[in-house]
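There are 2 protein chains.
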Amino acid sequence: MKRHIYLRMKSVPEAREIFLSRFDLKNLLPPEEIPTVAARGRVTTAPVWARRSSPAAHQAAMDGFAVLAAGTFGATPEHPKQLTLGKEAFPINTGHVMPPGTDAVIMVENVPDPEADPITVEAPVFPWRHVRRIGEDMVAGEMLLPEGVEITPWAQGALLAAGVTRVSVRRLPKVIIIPTGSELVPASELDRELPPDHLPEFNSVILAGLVTEAGGVPEVRGIVRDEVSSLTSALQDALGDADVVIINAGSSAGTEDYTYQAVANLGEVLVHGVSMMPGKPTLLGVVDGKPVIGNPGYPVSAVLSFEQFAAPLLSGIVAKLIPPRPTLEVYPAQNLPSKPGLTEFIRVTLGRVGEKVIATPLPRGAGAITSLVKADGLLVVPALSEGLEEDRPVTAELLVRPEDIEGTLVVLGSHDNTLDLLATLLKSQDFRLRLSSGHIGSQGGLVALRQGRAHLGGSHLLDPETMTYNVPYIERYLAGVPLKLINLAWREQGLMVAQGNPKNIRAIEDLIRPEVRFINRQRGAGTRVLLDYLLKERHLKAAEVQGYEREEYTHMAVAVNVLSGTADAGLGILAAARALGLDFIPLMPERYDLVVPESTYEDPRFQTLLEVIRSPEFKEAATNLGGYDLKDCGKIVWEQ
Amino acid sequence: MKRHIYLRMKSVPEAREIFLSRFDLKNLLPPEEIPTVAARGRVTTAPVWARRSSPAAHQAAMDGFAVLAAGTFGATPEHPKQLTLGKEAFPINTGHVMPPGTDAVIMVENVPDPEADPITVEAPVFPWRHVRRIGEDMVAGEMLLPEGVEITPWAQGALLAAGVTRVSVRRLPKVIIIPTGSELVPASELDRELPPDHLPEFNSVILAGLVTEAGGVPEVRGIVRDEVSSLTSALQDALGDADVVIINAGSSAGTEDYTYQAVANLGEVLVHGVSMMPGKPTLLGVVDGKPVIGNPGYPVSAVLSFEQFAAPLLSGIVAKLIPPRPTLEVYPAQNLPSKPGLTEFIRVTLGRVGEKVIATPLPRGAGAITSLVKADGLLVVPALSEGLEEDRPVTAELLVRPEDIEGTLVVLGSHDNTLDLLATLLKSQDFRLRLSSGHIGSQGGLVALRQGRAHLGGSHLLDPETMTYNVPYIERYLAGVPLKLINLAWREQGLMVAQGNPKNIRAIEDLIRPEVRFINRQRGAGTRVLLDYLLKERHLKAAEVQGYEREEYTHMAVAVNVLSGTADAGLGILAAARALGLDFIPLMPERYDLVVPESTYEDPRFQTLLEVIRSPEFKEAATNLGGYDLKDCGKIVWEQ
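So the sequences go chain by chain: P and E. Be aware that the first sequence starts at 107, since it is given in this note's numbering, and climbs by one per residue. Be aware that the second sequence starts at 107, since it is given in this note's numbering, and climbs by one per residue.
Keep in mind that a hint or two might mislead.
Because identical chains share one entry, a pair is satisfied inside a single copy or across any pair of copies.
Claimed, not checked - Result set (SDA-like, lysine to any residue): computed pairs, CA atoms no more than 20 Å apart in a straight line: (1) K462 to V506; (2) K426 to E319; (3) K132 to R538; (4) K426 to R711; (5) K590 to Q713; (6) K280 to R146; (7) K725 to P292; (8) K725 to W155; (9) K590 to E221; (10) K132 to L278; (11) K426 to R538; (12) K737 to L525; (13) K426 to Q414; (14) K426 to F537; (15) K386 to N216; (16) K725 to M249; (17) K132 to F537; (18) K386 to L345; (19) K647 to Q628; (20) K445 to N216; (21) K445 to D394; (22) K609 to D689; (23) K193 to D303.
If you are wondering where the hints come from, they were derived from the structure by calculation, not from laboratory data.
Using the sequences and the accompanying hints, generate a full structural model.
Okay, structure coming up:
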């Protein structure tokens with residue numbers, strides 16, 4: 107069993123410099139001549155000169171009558187001139203060629219009766235008045251476009267006006283993408299059930315989209331098995347047709363890393379391993395003078411590595427600057443430690459709360475493609491840093507438009523499945539609005555509201571003393587802050603267990619059985635408060651529950667632990683259990699409220715959300731999730 | 107002869123509101139279901155839920171060995187555990203499915219000899235270490251995308267990972283473009299010579315590009331003759347296939363404005379005439395519930411009208427926000443009076459000089475498509491304003507990227523044809539750099555330098571007292587400003603006359619002949635100074651020259667006057683005469699210099715330009731233009 111360890115890992119800028127400087131990007135591909143009508147977005151490879159003048163003849167610049175100016179001299183309202191149609195005056199429309207012997211246009215508005223013949227002229231016009239003269243816009247021989255500019259629709263128009271029907275442009279690089287992996291099922295076959303040891307191949311679709319957006323023309327080849335010989339010959343084949351080859355995946359230091367071997371066999375490996383996270387297993391090479399990229403296999407790594415290396419390569423070849431992403435100063439919602447020595451890219455959701463834009467981190471695993479889908483931006487932690495600090499401003503690269511962030515309501519606190527419903531219904535109500543939810547537990551949400559990091563909180567905190575929800579906690583965390591408590595739903599809390607309940611778990615008491623492995627929620631979560639209450643009520647000790655110290659942050663994460671067999675039971679809501687087909691032992695209904703500070707309540711965006719909450723569509727959709735009672739939904743249950 | 111006068115012209119916002127509010131844009135087209143692999147850039151019409159979990163099985167998250175964690179408990183470097191391959195430890199790569207009976211991965215880096223069997227384990231791993239559990243990224247039933255979001259490449263990946271191979275998206279509106287005009291020649295036939303009374307049709311190509319960029323699918327129909335019946339039936343045909351119809355042109359108040367009649371015949375005209383310039387002859391209507399737009403015929407009007415009405419219409423239908431153009435605070439290089447009551451769009455070039463971005467206006471005619479091609483931005487003069495003031499800040503909409511402006515060197519002053527050459531060679535040297543030249547005459551350039559409105563000036567001012575160039579003027583306008591005078595070329599000035607010299611013009615003296623119509627350059631132009639010197643030297647009076655008061659701003663504009671017969675002679679350079687095939691009577695060589703303030707000279711962008719000026723490529727290209735002597739090209743001829 108032979109394995110590669112990355113010999114010398116390179117930093118992102120080092121790796122990019124080594125790779126890009128190896129090619130004469132501008133001249134990697136010969137130019138091509140294409141019809142002007144098909145040239146939108148292409149980049150000129152030579153200056154373009156007008157072949158004819160425009161206008162090519164004198165044209166009327168107004169609707170009216172073409173005349174010889176000299177024939178109008180001396181006309182006044184008192185002593186008008188009469189001009190005979192077809193002889194001294196010719197009806198003419200804007201853009202039409204001036205009849206011979208005329209050199210000016212009288213606007214139709216200035217002729218008392220345009221239907222008469224002769225027409226009456228009450229004022230003189232000077233020569234060339236309202237006439238576009240030959241060459242006024244462009245003159246044969248004039249340079250229309252320099253080399254190296256992108257052809258806009260109006261530049262196409264100018265070229266055609268100038269008789270330039272073909273134009274020499276940068277060729278678009280053909281980028282062949284080779285997916286590798288014996289266990290992969292192609293994207294075209296993913297609508298059938300997959301055997302458990304097979305994995306869906308979708309990175310090639312992502313990469314093809316990114317190639318298109320970077321100005322290349324992608325072609326995805328068939329999946330190559332994990333064998334050096336297969337990959338080597340697939341690479342050789344691809345190089346016959348492609349300008350650039352991307353192999354995905356297989357550039358890690360694993361046993362089946364054949365990308366390194368294939369590239370080294372045929373050409374030269376320039377970089378093997380980049381100190382970025384995600385994206386470390388990137389390989390950059392050259393074969394037959396053509397760039398070859400070994401792109402990492404995790405989807406998030408694949409995207410981020412592409413952006414650092416493939417995108418600037420393609421940008422250089424097509425000679426278009428990649429517009430830098432818009433950036434924004436943001437405030438991390440929590441501390442984000444990061445490994446020194448690696449440039450880390452952290453996906454975040456963003457929302458403006460008061461003056462500050464708050465960045466809430468998403469899962470950091472490179473396999474979590476949903477973290478990119480949900481991300482509004484990227485925080486980049488430099489290689490020399492140990493991480494980012496809560497509430498200390500940093501610059502975020504935006505993955506959405508700045509105006510999307512202005513339309514975002516941030517809800518932090520407890521997770522509830524109906525928040526996803528609200529997000530989609532809100533967007534459907536007004537496509538400029540978004541609901542971004544961060545799952546930091548009910549108490550976390552209250553703290554975030556106090557610190558001005560969220561527009562609203564989601565909370566289901568039971569106070570065992572008073573057996574009331576939320577109010578005692580708000581009085582502790584948000585004393586004196588004007589706010590309203592608005593009920594979203596009553597929901598069923600209970601124990602989630604595997605289908606068929608193999609360990610026969612029936613009540614809280616079963617959690618202390620030695621063979622039962624529990625999965626808990628994090629400190630500060632309403633569900634954790636509930637568990638502690640239920641244990642205490644039954645005089646059970648937390649230490650007796652195996653797994654009490656294992657924490658997850660959402661109902662769904664707890665459910666996944668149960669589904670995947672890493673735990674036998676977890677406390678959570680019916681909707682989560684039902685979503686994963688788990689069995690559910692109901693324990694008690696609880697109240698889930700939105701905590702809405704007055705400043706949010708008055709915000710028109712929240713008012714739209716409130717309309718959605720109170721709509722029959724929301725109630726129906728929530729009912730369908732299961733376990734929800736919407737008797738108080740949308741009601742203001744308390745305020746201070 | 108029947109003509110329409112616009113009945114009630116509407117302001118831009120009024121017209122847009124009347125038009126857009128007439129349609130339920132979101133529901134104008136039914137959704138369509140398409141393969142996920144083809145869904146990049148499309149907008150969801152319903153929330154999308156995961157059909158399976160991802161990962162669908164427990165996967166290795168690192169390269170190494172899959173083991174049962176319990177089997178490693180107690181291992182230390184002193185008391186390592188030995189695990190047999192294929193029984194207690196299984197070599198595994200990132201992303202592969204965990205073998206049954208394993209629940210953790212030992213990283214390959216942590217195994218002393220990964221080639222051995224059994225392997226040695228020197229530290230315990232805890233359960234689920236380096237394992238991606240079922241559903242860690244997404245869980246079957248989880249919402250992946252809400253309604254109304256644009257599908258990114260990574261969203262495509264997430265959908266495929268979740269087994270969602272088809273997705274319901276907004277249909278793209280089919281936009282049929284109908285060019286009208288009996289005199290038009292289609293874009294496909296523009297490579298042949300056109301008869302003088304025929305005009306090239308290219309607006310449809312511009313509009314098709316704009317439709318594509320706004321998210322629609324364009325189809326250009328054949329050119330329709332100027333007849334109500336033809337246009338009516340073409341419109342009716344189009345409405346059978348299209349979601350939106352754009353008729354171009356024919357919405358002015360001219361005799362042949364059949365768009366109004368055709369739309370009124372079949373449906374309803376909502377707006378006829380908008381108080382914008384360019385773009386006034388816009389018609390907005392509805393037929394069979396479908397939007398119909400009569401787009402003005404001048405190309406600049408066509409583009410600007412499209413942006414105000416068609417673009418937001420299409421944006422609403424496809425449910426994508428049009429990202430607002432980036433804006434920038436700029437300083438007009440001159441006063442820009444504008445007609446009150448009309449919203450005027452002025453095309454400008456932009457360049458940052460010191461702290462300020464200077465906006466130099468381009469020709470304002472709606473027929474000048476090159477003014478859009480050259481434009482870096484648009485200044486919008488509100489309807490209530492009488493214009494913009496020189497050096498008073500206004501907001502410009504950018505047509506280029508902000509970084510393009512940072513890469514722009516602004517040369518103001520006299521026009522010379524070699525500046526176009528420099529522009530293209532500079533771009534070819536470094537594609538981030540641009541040379542923007544504004545033609546305001548030599549003295550205008552010196553004033554602009556004094557006011558900090560240009561990086562460099564272009565000047566060929568003869569001082570008759572000393573018979574030297576530029577220096578005496580610089581000492582007057584730029585006394586004490588550290589600068590260098592760098593020669594660009596010596597060039598031949600002379601009289602441009604029509605081919606064959608029909609009026610037999612041989613010398614300056616001929617300009618006072620009564621049948622000779624002269625065309626002059628503007629006050630402050632070096633060529634004007636030269637003319638005045640030549641007249642004075644020969645004791646001739648300006649008043650004797652017919653046309654002395656008619657001013658143009660560039661050599662080429664003067665040449666166009668001669669070419670088109672609006673003047674018999676003009677003073678200018680050989681290169682301009684040659685470009686238009688005019689005859690040329692040489693009068694004297696003159697020195698054309700660049701005036702380069704020290705701050706510009708030290709700018710790396712200028713240093714690149716200087717390299718270009720001194721390159722053999724520039725000298726060769728300038729020589730080919732004709733009339734240039736490059737003996738001093740690139741030399742610093744004077745400094746202060």
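Hint check results:
1. When the C-alpha separation of K462 and V506 is checked against a cutoff of 20 Å, the pair qualifies only within one copy, where the shortest distance is 17 Å, while the shortest distance between copies is 30 Å.
2. In this assembly of identical chains, K426 and E319 lie within 20 Å of each other by CA distance both inside one copy and across copies; the values are 11 Å within and 17 Å between.
3. Proximity of K132 and R538 under a CA criterion of 20 Å is satisfied inter-copy only: 13 Å between copies versus 40 Å inside one chain copy.
4. When the C-alpha separation of K426 and R711 is checked against a cutoff of 20 Å, the pair qualifies only between copies, where the shortest distance is 19 Å, while the shortest distance within a copy is 38 Å.
5. Proximity of K590 and Q713 under a CA criterion of 20 Å is satisfied intra-copy only: 13 Å inside one chain copy versus 64 Å between copies.
6. Taking the closest pair of Cα atoms, K280 and R146 come within 20 Å of each other both inside a single copy (18 Å) and across two copies (19 Å).
7. When the C-alpha separation of K725 and P292 is checked against a cutoff of 20 Å, the pair qualifies neither within a copy, at 40 Å, nor between copies, at 57 Å.
8. For the homomeric pair K725 and W155, the shortest alpha-carbon distance between copies (19 Å) is at most 20 Å, but the shortest distance inside one copy (65 Å) is not.
9. In this assembly of identical chains, K590 and E221 lie within 20 Å of each other by CA distance neither inside one copy nor across copies; the values are 72 Å within and 64 Å between.
10. Within a single copy, K132 and L278 get their C-alpha atoms as close as 12 Å, which meets the 20 Å cut-off; across copies the closest is 35 Å, which misses it.
11. In this assembly of identical chains, the alpha carbons of K426 and R538 lie at most 20 Å apart only when taken from different copies (9 Å versus 30 Å within one copy).
12. With identical chains, the CA atoms of K737 and L525 are at most 20 Å apart within one copy only, with a shortest distance of 17 Å there and 76 Å across copies.
13. Proximity of K426 to Q414 under the C-alpha cut-off of 20 Å is restricted to the intra-copy arrangement: shortest distance 16 Å within a copy versus 27 Å between copies.
14. For the identical chains of this complex, K426 and F537 are inter-copy neighbours only, at 8 Å across copies versus 31 Å inside a copy, given an alpha-carbon limit of 20 Å.
15. Taking identical chains as interchangeable, the C-alpha atoms of K386 and N216 lie at most 20 Å apart only when they sit on different chains, with a minimum of 18 Å there against 74 Å within one chain.
16. When the C-alpha separation of K725 and M249 is checked against a cutoff of 20 Å, the pair qualifies only between copies, where the shortest distance is 17 Å, while the shortest distance within a copy is 64 Å.
17. Only between protomers do K132 and F537 lie at most 20 Å apart by alpha-carbon distance; the minimum there is 10 Å, versus 41 Å within a single protomer.
18. With identical chains, the CA atoms of K386 and L345 are never at most 20 Å apart, being 25 Å at best within one copy and 54 Å at best between copies.
19. For a Cα distance limit of 20 Å, the shortest separation of K647 from Q628 inside one copy, 17 Å, qualifies, whereas the shortest one across copies, 95 Å, does not.
20. In this homomeric assembly, K445 and N216 come within 20 Å of each other (Cα to Cα) only across copies, at 18 Å, whereas the closest approach inside a single copy is 78 Å.
21. In the homo-oligomer, the alpha carbons of K445 and D394 never lie at most 20 Å apart, since the shortest distance is 37 Å inside one protomer and 63 Å across protomers.
22. Proximity of K609 and D689 under a CA criterion of 20 Å is satisfied intra-copy only: 11 Å inside one chain copy versus 102 Å between copies.
23. In this assembly of identical chains, K193 and D303 lie within 20 Å of each other by CA distance solely across copies; the values are 18 Å between and 89 Å within a copy.
Checked against the numbered hints above, the structure violates hints 7, 9, 18, 21; every other hint is satisfied.
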